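Undergrad: Work the whole structure out from these sequences, hints included.
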Amino acid sequence: MNKKWRYLLALIVLLGCFVPTTQVCAVEVVQSAHQSKSITGVVKTTSGEPVIGASILIQGTARGTITNVDGKFSLDIPQGTKLIISAVGYKKVELTIGKGNSYTVTMEEDTQTLGEVVVTAMGIKKEKKALGYSVQELKSDELMKVKTANPLNSLAGKIAGVTITQAGGAAGSGAEIILRGGTSLERDNQPLFVVDGIIYDNQTSVNGDSSFDGMMSTTTTNSNRVMDINPEDIESMSVLKGQAAAALYGSRASAGAIIITTKKGKEGSTQVSFSSKLNLVWANRLPEQQKTYKRGYYNASGDLQDYTTNSWGEAYGAKDKAYDNIGDFFKTGSSFDNSVSVSGGSKNGNFYLSASRFDQNGIIPTTDFDKTTFRFNGEQKYGKLTVGANIAYSQAHTTKSMTSAGLYGSGGNGTMTSVYTWAPSDDMTHYLNTDGTKYRMFAGKQDLADDVENPYWQVHKNSLKDDTERITGNIHVVYDIFDWWNISYRAGVDSYTTTNNTFIAPGGAVKIAWQNGMMSENEERFRYLSSNLMTNFKYKINDFDFNLMLGTSTEDWNTVINRRLGFNFASDFYSFANIEPANKSFQELHSRHRLVGVFGEFNASWKNMLYLGFTGRNDWSSTLPVKNRSYFYPAANVGFIFSELLPKNNILTYAKVRASVAGVGKDTNPSETNTYLWGVHTQLGGLTGLGNSWTRGNPYLKPERTKSYELGLETRFFNGRLGLDATYYSNKSYNQIISPRLSQTTGYIFCSVNAGDVRNKGIEVSLTGQPIKTRNLTWETTLNFSHNKGTVEKLINGVDILYVTDVQVGNAKAASFNNGKFMGISGSEWARTDKGQIILDKYGMPTWDGESTHYIGNREPKIQGGLNNSIQYKNWNLSFLLDFRLGGAVYNGTDYLLTNYGLSKRTLNRQTLTIKGVVNTGTTDTPVYQDQTFTFNAGESYDMGASTKTSGRSIIQDYWGTYYPRESSNFMTQVNWLRLRSVTLSYSCPQSLLTKLKYIKGCTFSVTGTNLLLLTNYKGLDPEASAAGSGTIGSSSVGFDYCGVPATAGMSFGVNLTF
Amino acid sequence: MKLFKYIGLCVLLVLATTSCSNYLDINTDPDTPSNSTASVQTRLPWMQHYYLYAQGVANVRTALITQENTSLGTRRATRDGYLAGWRGDNSTSTTVYQFLFIGCLANFNDMIAKCEEVGAYQYEGATYAIKAMAFMLMQELYGEMPYTQALGSAVTPKYDNGKIIFNGCISDIDKAIELLNKPQASTVPALSAGDSWNGGDVNKWIAMCYGLKARWLNNLSKKTGTYDTATILDCLSKAPTSNAVSTVIKHQDLATDNIGDILFSDPMYANVNYCSIGMNKNTRPTSWYAGMLTNFDNKGIEDPRADKLLPWRQGGDKVWRRSSGADQQSARRMSNYPYPTTYNDHTGKVVTLTASDGTVLTVAPGSWYCNTTDKTCWGDTIYNSFYSSALNQGDPSEDWTSTDGSILASGTMFTRPTSPTFLVTYPEMCFIKAEIYFNKGDKGTAYAAYKDGIQASIDLMNSSLAAYNKTDAQNPSKSQISSAKVDAFMNGAIGTQDDLTLGKIMEQKFIAMSMTSQNWADMRRYDYNTTAYPNWAIPYEYYQDNLAQKAINMGSQYRRWSQPGTLETSYNEVEWKASNKYAAADNIWQYPCWFDCATDAQYNEQMNTPVQ
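So the sequence lines, in the order shown, correspond to chains A and B.
One point on numbering: in our numbering, the residue at position 356 of the first sequence is 356, and numbering is uninterrupted.
One point on numbering: in our numbering, the residue at position 334 of the second sequence is 334, and numbering is uninterrupted.
No incorrect hints appear here.
Partial pick of chain B residues on the chain A-facing surface, computed with a CB cut under 10 Å:
| # | residue |
| --- | --- |
| 1 | 25 |
| 2 | 31 |
| 3 | 39 |
| 4 | 43 |
| 5 | 104 |
| 6 | 109 |
| 7 | 261 |
| 8 | 263 |
| 9 | 567 |
| 10 | 574 |
| 11 | 576 |
Quick partial rundown of chain A residues pointing at chain B, CB under 7 Å, derived from the structure:
| # | residue |
| --- | --- |
| 12 | 590 |
| 13 | 592 |
| 14 | 620 |
| 15 | 623 |
| 16 | 674 |
| 17 | 678 |
| 18 | 685 |
| 19 | 694 |
| 20 | 700 |
| 21 | 743 |
| 22 | 745 |
| 23 | 747 |
| 24 | 753 |
| 25 | 798 |
Derived by calculation from the structure, the hints in this document are not laboratory data.
Note that the structure is predicted; figures quoted are calculated from it, not measured.
For every residue, glycine included, the Cβ atom is placed at its ideal position computed from N, Cα and C.
TA: Structure follows, in structure tokens:
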């Protein structure tokens, strides 16, 4: 770890550089002070205890002071000045200075934080207690505790019912988020992201196409686009888990929504914040290889052969070396993360300006990820009119490696597959000859296209890159016509261009056409425009409060994909210009989508006790047939704080029940209602022929619908020291839009149809407590856990299994089963008798029915959750987050591959193989099963039905390579884990020190460890895995661990400064 | 007042955002042309191709059932082996239905809409005719099929019984005739711009439709009461009355025809029988079929068409040898009979084979042999395949030519890429007439029609062979038929009015209609009886094969195909099972289609819902 210290040193040097420049930025707003007088005061609690560190601020300025250990303060201020006194855990107090010189302020405890305001759908702020559905919000301080480049990862383990799956540890690789299980069989199930009122695209684009340049979701890693946000800019993330909470988003609400609000400048002095972080990461877990047997295999006659990449060979001799090819390949990754912001404001205006730079070197040689962001948020008031703008610009670059699949149809292999299966008896670093030419293990024995590409060649010679430039922003206007009526308008844009470059160097182990080099470029231009008008009415009469909101929005998505490919470079210069026209091809694809919505919300409350809310939205989508493109979504919710009816007591402080019902949905993909033609085919007689393609457009398509119910209970005990929030929900998504194979009597093979229901039922529980709360020591803890059960029913007859990814490992595949599990795994099974005995053939090998469509497991965990802790001792804070999961199958595809190669430790016993089962001694129609045990010894030969006897070595090898994987569940584990996802120790400089440093208002140092501990029964890589990455539709590839880039653990060191 | 102004402003804003209804009309892919853009003259040849392809597959597969052809003994356990051995196997069933629905009929609704939009009535008539042909073919093969709900919004269309499909096809062919008679708008492209069958000749189209109607109505010959000979004879008067108005499709072999169709990538210009039988070397003529050609009615006079319908080949000696017919009654069918043949063209190399009893076979260069040590197979070199080479397969010509210049396979009348497709022809009409009058007892009219039919068939083949004359005069399979041979046959073999039998009529029809699925329909109408088909017998291996007898029980006959496996049986499972009581039964193969039942009551025995 010598390297890490070097980085730390570099960080300190860097900090030194920043100090003089930031000093210039700090501006003090100086107020004139006429006729000042000295006053003193003391701030106490209702029980008379002094409040230490309470902030005393002169209203309208940034000037003020804080109370000392006795709760006392003094100031020189004129009479009539208003002071705002605030302290964490207490309600704010206002004090106007009169004639007196000495004041006593009593602060009421705000233990219940009942006044908590959260951001709900359409950016509407509401008191949490008024809601009839579950909303959880994370504020910036919680998000920044363990800062990651991807804001999604900051949510992991912190909110019940939120599942985050990080797709491996590659630099720049994305994560997937699912709220309460997926609702769609073949559509994206990730929630809608909204940043400052504008929908923010979060797709994981696999730019390129398997039929064009061989690119697949399993070829490499891709970012999810929420990564373009600078996490430091986020003020809060509000998670609208249920459909009722997100109902105002109508067609886009069925997977829930995450509302991100970015920071605003605060009234007062201009503030400069700077944070810097150094992060070091290393592979968390690596696959284990056996190092007892060398590369080679035994043929049926028992002769050793070495023309193989498998490791079924002879045992290592004393002089043989077993290389740690895997361990040597991965290195320690590092990242530098710096960000700076300037913010400020006056009574009528505020601004926030930020810049950040994230620089990461991946754990795979040559891979990296960097990201640069800028943001400006500003707002200005003119009387009743407020205008504002938020603009963000970002650039992201990734240099990647291949993962499991390689490029489709190109030969060669994925980098990770090769790394994990490279025989330890060979030195993987030997990829070049001494003269610099390519080293080929089987030169002369096979064609270049049949070689397994050396991973070092892949990462050093070839390249896979992506590059994204994005601008997002909005302008907004709010006009408060009367205090009971306002109108607001917001127009926004989300525009990015993401370009993928693939380069295969000449000499690669790829298909012949590409052996003299190939390059492809895929450019996706994404543009989203939206316009949103809302008006809000308030009315209060006696104990009743009424609120009516009406609004309309128009949204427009436009995507253009351009693909270019060329191969066979004319000379050693790699550009499209250096390729003959005949070897170049291009493709252009357009996709357009528009949505118009009209929505409204009516809320009524009585005595701050009973809350009712109704929402309705009608959407018109361009993607649906004209007669079905208008559809209405209603929702209603009720919240009842029944503790208001109970006498005041010290046990049950607060209790609320809530219930909601909602209907939301999804429209479909563009251009699915029309049928398109095949390309032109010349027919008999030279006539030009055109005909319909085998995919039918569906002019009858209806939107997918989700009906959901939610019941919840919120309670606080012992003046808020203990809280319980529990939710039960049930939803049914019907009219699923799927594209299965159909009866061809329709005239077509494929067609998007409405069929099938997905049901999700689940509970979420969140317990919060403050076990310790003294003057110097506070321990806050939150335990959350959830359970979800996703099932599928009513698929059209003939469609019993839906596959949504191209991830197939061995015979196992991610699959949704009709009348079965949404997140199932299909696979093959050994044939068994009714009693469960394995049926063997007469030679002793397990038999099977040749089908790989059996249900073998469910990827959905039984329970998952997290325990989040924050222990504050004076200026020290220790936070740690444990997350856990019980149950849920993970398919260890990596081990399947290693087993096939004779590299898995499970293949270590090669001297004897004992197979127990039954053999049918009757006929096929009337079987008679007899128990039998077969033993095969390496040194002997057996009758296996061939004309000559088969060597035991060869039989044992075949058993592991062929027969054993036919029981797919041999590689499946019901996974439990307990993970120390993060631990952070931070120290904030005391106020006493800061007052001495003129310009520094805050200073925090932190050390964070991530993934330092993982206790699990899973034997492979990190069980949090998704072989096809983050953007997969339907039940996704979560639960498939197949030759991904290993997840990482890391340590980071950070500093935050405020000026 | 101010308040009203604001409300007014709001209303305006809402209107402004919702008033543009065409704002949402952007759901058409700007990159790929959609179905509404295809013109009538581009769709018609497309539909014609896929209909023909399906018909070609049906022709070749049913010709194995009727024992016109047989499969190599070594391929007994393949689809063609099962067909030839009367073992119902659902590998048979998919292709025809797939090409008809996916390739051809998927275009029907859009084509009709376009025709009506532009007033292209002749195109519309042709389209209705193709639809009727497609469903009639499926009715004859599968018995039941989704019809009224097919090609619509239903994703699991209900099946219709054979009667509904049959009557629907009759009404569609009437509609086709009506439309073909209707003048097209002057702005519409002429039918010739999109017709690859009749070159836009409307009269031929109309004759073809009447011919089809006559053929189909005649297929109801078992149904006393329903069988309406008066209507059939009326149709025959409007159907092709000479070879000149017959629908004979000319095909081409082009080196550039290698892009391929969308389903199998087979050539677009070539004869479709070629795609199914001429591309492989696995099929042989049977002795029953060869016997009809060489010894009709035991007269010992060879049919002049025999040379054209049986395949030929040369060896190194350049002697032309015509294939014999393999005996479908031979016990050797269970032991690899007939055996595949190999040509030893390795100059100077002798091949030696040693049988288990020590017998040695020496194969000189330039000769044919069966590459097996089983000496009982060594004589199987007398059987030739229907293989034909093709320019679009990268071969220099249609004739499979060896390096020594020998022609190793000649192809036949109906199996070369350039072979014509006799879709609806005058000879067939003659035989329908002959059959009707014979069954009525009017032997005189029957004989005249019978004789016309044979002469027309010979003439039609001869005129098709004219295209080969210049280059292939030496190839006995392609040369013109000599009038001497014709005369000898017409005068000596076909007999007289007095000795006319149903068998002669049906066998001559079988020859004229070689390699068409109509022959199977005819055979089923006559329950395969030897009155109609003298010397015909169920293939030997059927009696040896338990599984064949499971699919077609002993005493029953091969009467239909099962529904396509997987595609229909799993994706439309519920409707498939409801289509016929025995739909999922092993022996579905023995249940007659509606046209093949004497009465509705007989058909109803299979139906869950009785036919009205």
